[in-house]
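Peer 1: Just need the whole structure built from these sequences, with the hints factored in.
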Amino acid sequence: MPKTSGPRVGLFVTCLVDLMRPSVGFAAVKLLEQAGCRVEVPSQTCCGQPAYNSGDRANARSIAEQMIRTFSGFDYVVAPSGSCAGMIRVHYPELFADDPNWLPKARALAAKTWELTSFLVDVLGVTTVNAEYQGIATYHDACSGLRELGISTQPRRLLASVKGLELVEMTDADTCCGFGGTFAVKYGQISNAIVAQKTRRAVETGASMLLAGDLGCLMNMAGKLSREGHAIAVRHVAEVLAGTTEAPPIGAPKPAEHRS
Amino acid sequence: MVAPVTSPSFKANASQALANAQLQSVLSGMREGFAARRREAAGQLPEFEALRDSARDIKHHTLAHLDLYLERYVDTVTASGGQVHFARDAAEARAIITSLCQSLDAKTVTKGKSMIAEEIGLNDHLEQAGIVPVETDLGEYIIQLRHEMPSHIIGPALHLSAKQIEADFRRVHTDLPRDRDLSQPATLLAEARQVLRQRFLAADVGITGANFLIAETGTSVIVTNEGNGDLTQTLPKAHIVLASIEKVVPTLEDCAQLLRVLARSATGQEISVYTTFSTGPRRPDDVDGPGAYHVVLLDNGRSAMLGTSFRDVLSCIRCGACMNHCPIYESIGGHAYGWVYPGPIGAVLTPSLIGVDKAAHLPNASTFCGRCEEVCPVRIPLPKLMRHWREREFERHLTPAATRSGLAFWAFFAKRPRLYRLVTRAAMGMLAYAGRARGRFRRLPFAGGWTEYRDLPAPEGATFQARWRGERGGRA
Ligand code: SF4
Numbered sequence: 346m347p348k349t350s351g352p353r354v355g356l357f358v359t360c361l362v363d364l365m366r367p368s369v370g371f372a373a374v375k376l377l378e379q380a381g382c383r384v385e386v387p388s389q390t391c392c393g394q395p396a397y398n399s400g401d402r403a404n405a406r407s408i409a410e411q412m413i414r415t416f417s418g419f420d421y422v423v424a425p426s427g428s429c430a431g432m433i434r435v436h437y438p439e440l441f442a443d444d445p446n447w448l449p450k451a452r453a454l455a456a457k458t459w460e461l462t463s464f465l466v467d468v469l470g471v472t473t474v475n476a477e478y479q480g481i482a483t484y485h486d487a488c489s490g491l492r493e494l495g496i497s498t499q500p501r502r503l504l505a506s507v508k509g510l511e512l513v514e515m516t517d518a519d520t521c522c523g524f525g526g527t528f529a530v531k532y533g534q535i536s537n538a539i540v541a542q543k544t545r546r547a548v549e550t551g552a553s554m555l556l557a558g559d560l561g562c563l564m565n566m567a568g569k570l571s572r573e574g575h576a577i578a579v580r581h582v583a584e585v586l587a588g589t590t591e592a593p594p595i596g597a598p599k600p601a602e603h604r605s
Numbered sequence: 018m019v020a021p022v023t024s025p026s027f028k029a030n031a032s033q034a035l036a037n038a039q040l041q042s043v044l045s046g047m048r049e050g051f052a053a054r055r056r057e058a059a060g061q062l063p064e065f066e067a068l069r070d071s072a073r074d075i076k077h078h079t080l081a082h083l084d085l086y087l088e089r090y091v092d093t094v095t096a097s098g099g100q101v102h103f104a105r106d107a108a109e110a111r112a113i114i115t116s117l118c119q120s121l122d123a124k125t126v127t128k129g130k131s132m133i134a135e136e137i138g139l140n141d142h143l144e145q146a147g148i149v150p151v152e153t154d155l156g157e158y159i160i161q162l163r164h165e166m167p168s169h170i171i172g173p174a175l176h177l178s179a180k181q182i183e184a185d186f187r188r189v190h191t192d193l194p195r196d197r198d199l200s201q202p203a204t205l206l207a208e209a210r211q212v213l214r215q216r217f218l219a220a221d222v223g224i225t226g227a228n229f230l231i232a233e234t235g236t237s238v239i240v241t242n243e244g245n246g247d248l249t250q251t252l253p254k255a256h257i258v259l260a261s262i263e264k265v266v267p268t269l270e271d272c273a274q275l276l277r278v279l280a281r282s283a284t285g286q287e288i289s290v291y292t293t294f295s296t297g298p299r300r301p302d303d304v305d306g307p308g309a310y311h312v313v314l315l316d317n318g319r320s321a322m323l324g325t326s327f328r329d330v331l332s333c334i335r336c337g338a339c340m341n342h343c344p345i346y347e348s349i350g351g352h353a354y355g356w357v358y359p360g361p362i363g364a365v366l367t368p369s370l371i372g373v374d375k376a377a378h379l380p381n382a383s384t385f386c387g388r389c390e391e392v393c394p395v396r397i398p399l400p401k402l403m404r405h406w407r408e409r410e411f412e413r414h415l416t417p418a419a420t421r422s423g424l425a426f427w428a429f430f431a432k433r434p435r436l437y438r439l440v441t442r443a444a445m446g447m448l449a450y451a452g453r454a455r456g457r458f459r460r461l462p463f464a465g466g467w468t469e470y471r472d473l474p475a476p477e478g479a480t481f482q483a484r485w486r487g488e489r490g491g492r493a
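Note that the protein sequences, when read in sequence, are chains H and D. Just so we're aligned: the first sequence equals residues 346 to 605 in the working numbering. Just so we're aligned: the second sequence equals residues 18 to 493 in the working numbering.
I should point out that these hints are in silico values taken from the structure, not numbers from a laboratory. A portion of the hints provided could be inaccurate.
Claimed, not checked - Partial list, derived from the structure: chain H residues whose beta carbon lies under 10 Å from chain D:
no.	residue
1	Ala396
2	Trp447
3	Lys569
Claimed, not checked - With a straight-line Cα cutoff of 27 Å, these simulated DSS-like cross-link-like pairs (lysine-lysine) come out:
no.	chain 1	residue 1	chain 2	residue 2
4	D	Lys375	H	Lys531
5	H	Lys599	H	Lys375
6	H	Lys457	D	Lys432
7	H	Lys450	D	Lys375
8	H	Lys599	H	Lys508
9	D	Lys401	H	Lys457
10	D	Lys401	H	Lys531
The beta carbon of each residue, even a glycine, is placed where N, CA and C say it ideally should be.
Peer 2: Below you can see the structure in the form of structure tokens.
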């Protein structure tokens, strides 16, 4: 249940989770509330990364300004994505580097924005979660989280406390899955070659579930695995940590009785 | 004219590379090798990360005072009896080298490995002037036989298998016994050495590149693993060093620092097998050395990069680590990039040298995974520089029209949260309904680049924001 004390956290659910996989957002809320946070979800769209990475600085800036206005009042801003949290933490200050009005605000937001698992472990000191999964899982380090925010041990540490879950590392867990946002569509053929390496490595582990902390990468890998006919369940790490695995895995059909 | 450019057809090049089974098998062999060797070499040196900082600082300092160090370098080269020639562009560099060769009445020139020679298309030009260029680096020798560009900045022929090289040798070395054994890499190397030895002795001029030019002493430095550079520069009458202006470093000490990160980043060696320092022509009591020593310093657009956000590109020491760790390079190899410099460094350097209109794809063909920056010994922020190029392209309307209009459409909604929620709620509801049976789409008309190769997972249904507001209240 929501608490009345504890840090006030603005959940930046990210556009992909908002649109494609709300379960991840609810898992994040559950984990944050269990850790004593008061979670709010202000009206939001996207961090502006698609514009920023396409060279469209003007739109990236106005979307970033909107983000800063929306989230600056919270104690912390948390996103279930290393890529979107990295956009705010690392790239917003770059985006406003020449603007003395906005730069301090961008820096202030950057300083209190966290990716979900690193927020739980590094800020709140959470070491265990109350969840269970029977089976072997493998974890892919999504690039932005790993290289921009240093996220690597935090999710693994939390996963280690999930009852019944055995983590088997895949070879090259820390290499790119080939998603890269619009890259996956603009250079689909190259992206495909890269994700095929990744799925091969995931399948090799014998895991029944593939996890990561970024929905873009997860959709890419899930889409490739299902096209290749592999039955590995693909989920966001937050779903497993929160113990909320009622929704079918990413890209898997809903059970018939739930179709409407 | 510089080396021929196929960068505009990057996508088609990449597609061919992906379909080339031979290339793919060579690439998958490379994939782990380089990265593992670098990791091990870096791991064995506790101060490696500090050395990278220091390497970056040396480069930044030098670039900030490049005019000063170039002046000093010219002075010290001149004092040691050498001569420095500045070339504004490729054409000037070629003209200077050709006239130097002609003044020495040169028929044959031997060449050490030089990316700048590739950049200015030197070999073709020498041939047109009736001068025979002979590449002496094994990889360069092989691609010269095949009339190809290098596919990697430290291993020009890395895209080839031993079988292909054997076939090329049999095709070209027709005066050698037909039944000779060329089944081992060592026998290939021995044959190349044997053929090249005669050429070394016959050469009138030796041309090498330079890894570093030392302002303090007027010395040019090359690193090789074959020792071919030494023969190239000491045996002929004249030694011509061809290098770009940013190769200057202030002192011998600085050079030593950079050497410590160079080989480790490149091949995982502590230091290359040969590191050769050349200062001026042969002095009266030297036992050997060239009679004349010339340095051709190429600008070709580099000084124009100095005051810009692309300055850091000039820090590059050409170790190749960025391409050895690049998922794109690993998938398609070097030739697909369509010009001399492949991989992440190519993606940021090539637009400066041949024009961003021609090289437009290169900085876009990246997932921004950041591994290149993570391993670059001089810490060049390669993804950031690629993004700068994308910004330039966007400003100049070089970004494809479909991408621009797609972005504009998306940004319109992303800037209007309430409208966005209404629109996305409806759209996701429809998509989820369409995908409910399988949970994914095998084909979607607007996402062909995606669904041609993988399924697109279907959305769950209601958006998070709609569900949240439903469950917890608040404005919808
Ligand atoms: S950019 Fe960095 S990693 Fe790439 S070749 Fe240059 S120095 Fe090496």
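Peer 1: All hints are to be evaluated individually against the structure, with a verdict given for each.
Peer 2: Hints, verified against the model:
This hint holds: H/Ala396 has a C-beta 6 Å from the nearest C-beta of chain D, less than the 10 Å allowed. For H/Trp447, the shortest C-beta to C-beta distance to chain D is roughly 16 Å, which exceeds 10 Å, and the interface hint is violated. A hinted interface residue such as H/Lys569 counts as satisfied when its beta carbon comes closer than 10 Å to some beta carbon of chain D; here the least separation is about 4 Å, so the hint holds. Our distance criterion of 27 Å between C-alpha atoms is met by D/Lys375 and H/Lys531, whose separation comes to about 17 Å.
For the hint linking H/Lys599 to H/Lys375, the alpha-carbon distance of about 22 Å falls within 27 Å, and the restraint holds. The suggested pairing of H/Lys457 with D/Lys432 holds, with an alpha-carbon distance near 23 Å, which does not exceed 27 Å. This hinted pair does not check out: H/Lys450 and D/Lys375 have alpha carbons roughly 39 Å apart, beyond 27 Å. A C-alpha spacing of about 25 Å is found between H/Lys599 and H/Lys508, which places the hinted pair at or below 27 Å, so the restraint holds.
Simply put, D/Lys401 and H/Lys457 have alpha-carbon atoms about 23 Å apart, close enough for the 27 Å limit, and the pair holds. Distance check on the hinted pair: D/Lys401 and H/Lys531 sit about 19 Å apart at the alpha-carbon level, within 27 Å; holds.
Checked against the numbered hints above, the structure violates hints 2 and 7; every other hint is satisfied.
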